[in-house]
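Given chain A, work out where chain B should sit, using these hints.
Number of protein chains: 2
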Amino acid sequence: MNTARSNAFYAQSGGVTAVINASAAGVIETARRHPDRIGTVYAGKNGIIGALTEELIDTGEESADTIAALRSTPAGAFGSCRYKLKSLEKNRREYERLIEVFKAHGIGYFFYNGGGDSADTCFKVSQLSQSLGYPLQAIHVPKTIDNDLPLTDCCPGFGSVAKYVAVSVLEASLDVRSMAATSTRVFVLEVMGRHAGWIAAAGGLVESQGIPVVVLFPEIEFDKDRFLARVDALVKQHGYCSVVVSEGCHHPDGSFLAEQGTRDAFGHAQLGGAAPVVAQMVKDALGHKFHWAVADYLQRAARHIASATDVQQAYALGQRAVELALEGRNAVMPTIERISDAPYRWRIGSAPLEQVANVEKTMPREFINADGFGITDACRRYLLPLIEGEDYPGYQGGLPVYATLRNQLVARKLPSFELA
Amino acid sequence: MNTARSNAFYAQSGGVTAVINASAAGVIETARRHPDRIGTVYAGKNGIIGALTEELIDTGEESADTIAALRSTPAGAFGSCRYKLKSLEKNRREYERLIEVFKAHGIGYFFYNGGGDSADTCFKVSQLSQSLGYPLQAIHVPKTIDNDLPLTDCCPGFGSVAKYVAVSVLEASLDVRSMAATSTRVFVLEVMGRHAGWIAAAGGLVESQGIPVVVLFPEIEFDKDRFLARVDALVKQHGYCSVVVSEGCHHPDGSFLAEQGTRDAFGHAQLGGAAPVVAQMVKDALGHKFHWAVADYLQRAARHIASATDVQQAYALGQRAVELALEGRNAVMPTIERISDAPYRWRIGSAPLEQVANVEKTMPREFINADGFGITDACRRYLLPLIEGEDYPGYQGGLPVYATLRNQLVARKLPSFELA
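So the protein sequences, as listed, match chains A and B. Using this note's numbering, you'd call the opening residue of the first sequence number 1 and step up by one each time. Using this note's numbering, you'd call the opening residue of the second sequence number 1001 and step up by one each time.
The reader is advised that the hints may include incorrect statements.
Computed cross-link-like contacts, DSS-like style, restricted to lysine-lysine with a CA-CA straight-line distance of at most 25 Å [unchecked claim]:
| # | chain 1 | residue 1 | chain 2 | residue 2 |
| --- | --- | --- | --- | --- |
| 1 | A | Lys45 | B | Lys1236 |
| 2 | A | Lys289 | B | Lys1084 |
| 3 | A | Lys84 | B | Lys1283 |
| 4 | A | Lys236 | B | Lys1045 |
| 5 | B | Lys1289 | A | Lys86 |
| 6 | B | Lys1086 | B | Lys1124 |
| 7 | A | Lys283 | B | Lys1084 |
| 8 | A | Lys289 | B | Lys1045 |
| 9 | B | Lys1289 | B | Lys1236 |
| 10 | B | Lys1361 | B | Lys1086 |
| 11 | B | Lys1090 | A | Lys45 |
| 12 | B | Lys1086 | B | Lys1103 |
| 13 | B | Lys1124 | B | Lys1090 |
| 14 | B | Lys1289 | A | Lys289 |
| 15 | A | Lys84 | B | Lys1289 |
Keep in mind the hints are simulated off the structure, nothing from the lab.
Only chain A is shown next, with the shape it has when bound in the complex (with noise of 0.2 Å):
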């Protein structure tokens, strides 16, 4: 435990969110109001990344407002990276060289913002401080969109994905069903998710405002005659249908819907994802109209329409994360942890990262009802209070304002470091 006052270090890692910012606020603005304990907070520059090759952002040069305005900011204010650290075994000067640049820079907390793979990396830094002998608390900040962390009942940046694909889907479906008498019948939305189908399920939500919806989900195996079974059967009996696709979506064979094995005149795999393979699917089957969206990255960045829960909680875990730390806690996550579901009430624990770490959490199939093309009441229960509630960000012009960041460096003090 660090008594004397030490400097922190911030960094996002992975796909970003839209409210992986909130937990940066939270973690900046909870370490301002400790200045006996703790002094700058530095960002790494696009992630751990920064850290390695010592490019630090001087969050101390950014005002309050601008770290309040993070809370309403989509994306990475600091950068992000995909950039996973081998094992301790394969690649022991990278965890070498993050300790010396703690210690260059006087760093003694360690907070990492993201998802499984950072959680493992968290815990791998804590360890080999303790081994080196080097006081350092890491504490991991939960962020996926792919809500499969263990040991929280979720994970921030889940909560507004959720929310933007069931609103879309709702009102797409609202838009098919004024069409389908003379034109598109059927609506295909492909939406994130390799292995777990959270996502997925969120577009099952809006089966209760009475649209008939087929969700596939890569916990069940594709299985197309009973698929296109159940699309013709809701365009009978409503006239239209949607389908939320995840791009994990599989064969039984493992291959992706997304994998055709078609080429174009270059030898290049064809270019689509799940959405078109399963709307040309129900086309050539049934002869139905089709359009379909493939929403990707506008999933994750949508900060305008997050759910106001969502922000709360990636906020009170960036918070929580720094109060662990003056606690003394080393190697944790704070969790949310449910208490009810209606109303909803939750509270934050944390939870030891030897158990967080490349454990995945994919949907439980009481969660996916009898015939795998929906959800559950028991699903519908765990996703709403997730979406619930707007926290709009501020407009100006038209446009939201989100927050532009100075992101200074701080000088260098050690010999460059080439990346692996």
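Quick look at chain B alone, frame taken from chain A:
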């Protein structure tokens, strides 16, 4: 001019929008304020088809609250259709059927809410009613996300799509900027607009937020080498860039970018749109990792991020249509006349339908910058007021509350009719 009290017919036509129901609210609420002149407003079930098949929705059965809620409900609440009446010469019986149905139900006002094709139909109906000696006032209420109607400064539906596109490109671009050090460097968003680049132009608005963006318009023939050079320059300068490609972007020979001529194993044409084609082109030539999205219906149904200006104008045009009818006008369309850009001031004018029908307004060349990949200041001045202001729907349980109508049909009085 109808001096006695008569009923009105209202129909939604073509692709629906986030605000066409606001026009419906404007028509119905205004009609209800004139019970001495206007009896019941009947809405066509699925647009003009409902008039032909005598499926008339009695909007008098809907409460004042429900009609008011239409203002914040996307898509077509009564159903729309893609059904173009043939020329009078080729299919006179359909026009005559319309008059018969109108006569049978005491309809003296015809409000048609659509784009260029429906303006043409509306005009023909007004002409026929004159030649048949049946007093009918036909007023067209403009609507099209494509913003391609002449004689009006803008078209309801467009401002909201423009806002959706500008906000989405801004958010996704911040995402890419966060990730560009190690991952995605180019993000491509495909937007609607087969013939006119108005929607794509809205993506160009984010340039003033410091976002490097390339816009591909249908008005500018695609030049692969120049496009790649532009992307290359932007990525070298900024580390990343976004591309907004109109679905109507095409090669000099007229073929769309989306038409790759590739076939899958079953001989189907390539399924993807323009976005994956453009993204792959960048990857092949410049090696950048990419992501792409296709917004499709999400963009035109996105009532959750509608432009307040757009909602206000959509309502006002519906309202004015009824007032024009009460003033004895026929074969006209209320229009938006811009008085000034900043502060934005506008008023409602009107245009004769004869001049509206079948004229398509594409982007003026002076709205596209010299290199053809972005918008000019003049375009920015034109667009900004149209995305100004937020007009959020109400929410319950995390989802927008959109109106659900009873849509009760009135009893038929005529023999059934077979559509052509």
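Status of each hint after checking the structure:
Distance hint between A/Lys45 and B/Lys1236 is fulfilled; the C-alpha atoms sit about 18 Å from each other, no more than 25 Å. Using a Cα cut-off of 25 Å, the hinted pair A/Lys289 and B/Lys1084 holds, with the two alpha carbons roughly 18 Å apart. Simply put, A/Lys84 and B/Lys1283 have alpha-carbon atoms about 23 Å apart, close enough for the 25 Å limit, and the pair holds. With a C-alpha separation of about 18 Å, the suggested pair A/Lys236 and B/Lys1045 falls inside the 25 Å cut-off, and the hint holds.
Note on B/Lys1289 and A/Lys86: the hinted pairing holds, with a Cα-Cα distance of about 22 Å set against a maximum of 25 Å. A hinted pair counts as satisfied when its Cα atoms are at most 25 Å apart, and B/Lys1086 with B/Lys1124 qualifies at roughly 10 Å. A threshold of 25 Å between alpha carbons decides the hint, and for A/Lys283 with B/Lys1084 the separation of about 23 Å falls inside it, so the pair holds. At most 25 Å may separate the alpha-carbon atoms for a hinted pair to count; A/Lys289 and B/Lys1045 meet this at roughly 20 Å.
As the CA atoms of B/Lys1289 and B/Lys1236 are separated by approximately 14 Å, the hinted pair is consistent with the 25 Å bound. The hinted pair formed by B/Lys1361 and B/Lys1086 meets the criterion: a straight-line CA distance of about 23 Å does not exceed 25 Å. Distance check on the hinted pair: B/Lys1090 and A/Lys45 sit about 68 Å apart at the alpha-carbon level, beyond 25 Å; violated. With a C-alpha separation of about 21 Å, the suggested pairing of B/Lys1086 with B/Lys1103 holds against the 25 Å cut-off.
Annotation: proposed proximity of B/Lys1124 to B/Lys1090 holds, straight-line Cα distance about 13 Å (limit 25 Å). Between B/Lys1289 and A/Lys289, the direct Cα distance comes to roughly 33 Å. Violation of the 25 Å bound is thereby established for this hinted pair. Under the criterion of a C-alpha separation no larger than 25 Å, the hint pairing A/Lys84 with B/Lys1289 is consistent with the structure, at around 18 Å.
Hint check: violations occur at hints 11, 14; the rest are consistent with the structure.
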